[in-house]
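Q: Sequence:
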Amino acid sequence: MDINNELINASISGDLELMAKLIDEGAEINFKSFFTIDKGETPLHKACAFGHIEAVKFLLDKGANINAIDSDGYTPLFKACFSGYPLIVDFLLQNGAELKHKSRYGDTLLRISAAGGNLEIVKLWVEKGFDVNVPCYRNMTALHTAAWRGHTEVVRYLVENGAQLDLRDSEGNTPLHLAVKNEYLETAKYLISVGANTGMRDADGNTPGAFARMSDNPFMSALFQKEPQTT
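In short: position in the sequence shown from 1, add 269, done, that's this note's numbering.
Treat the hints with caution; some may be incorrect.
Below 30 Å or equal to it, Euclidean Cα-Cα: the simulated BS3-like pairs (lysine-lysine) are [what the hints assert, rightly or not]:
1) Lys392 <-> Lys369
2) Lys308 <-> Lys331
3) Lys371 <-> Lys450
To be clear, the hints were calculated from the coordinates, so they are not data collected in a lab.
Turn these sequences into a full structure, and let the hints guide you.
A: Below you can see the structure in the form of structure tokens.
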């Protein structure tokens, strides 16, 4: 393994002593790794993704590009948001991280944070004025994403802050469809309790109840015993 990929690995483990040694020996601070599953991530991407705040501080002090993008268009801030490290998120913001950047898939920081499920980080973006109903990857909003991942507290917060319950993604799924398909009972139960339309059909003509009846979970199917007229 060459010295640059060694720096990538040291950033993953947060080994400051080794990171300093490798940089002194000529490792590139903004090297983009395509080793194995890496997608053009820099050492800073890795330190953010794995929660090593001291490594993040060290790399920035050494000149790392805070807004470097990987092959998917994600910056280090996106990595910290998805992995759920609010202290790193705060530190990156204090040091000039870009807020309005979108990934190559159209993801915003709010949607990627909803995917990660850290409520504190989701709240940060909503409080900063991010639109909770902006469609992103596959026309999914932050609410679609949180429901798809089963992050019920994030779902609750988004709904309480204006997220529309029945928007459809590119496959016709509402957030309720996604919660049911992935068998997140508490998320589905909450969405129904606040008025999600149980009769909406996806692009294949299926309602959330249809997926519930395919489930092995009797509690899920019980949520849909009385379905309304479908739309």
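Q: Determine for every hint whether it applies to the structure shown.
A: Here is what the structure says about each hint:
1. With a C-alpha separation of about 16 Å, the suggested pairing of Lys392 with Lys369 holds against the 30 Å cut-off.
2. Taking the CA atoms of Lys308 and Lys331, the gap is about 22 Å. The hint holds against a cut of 30 Å.
3. The straight-line distance between the Cα atoms of Lys371 and Lys450 is roughly 27 Å, inside the 30 Å bound, and the hint therefore holds.
Every hint from the earlier list agrees with this structure, and none is contradicted.
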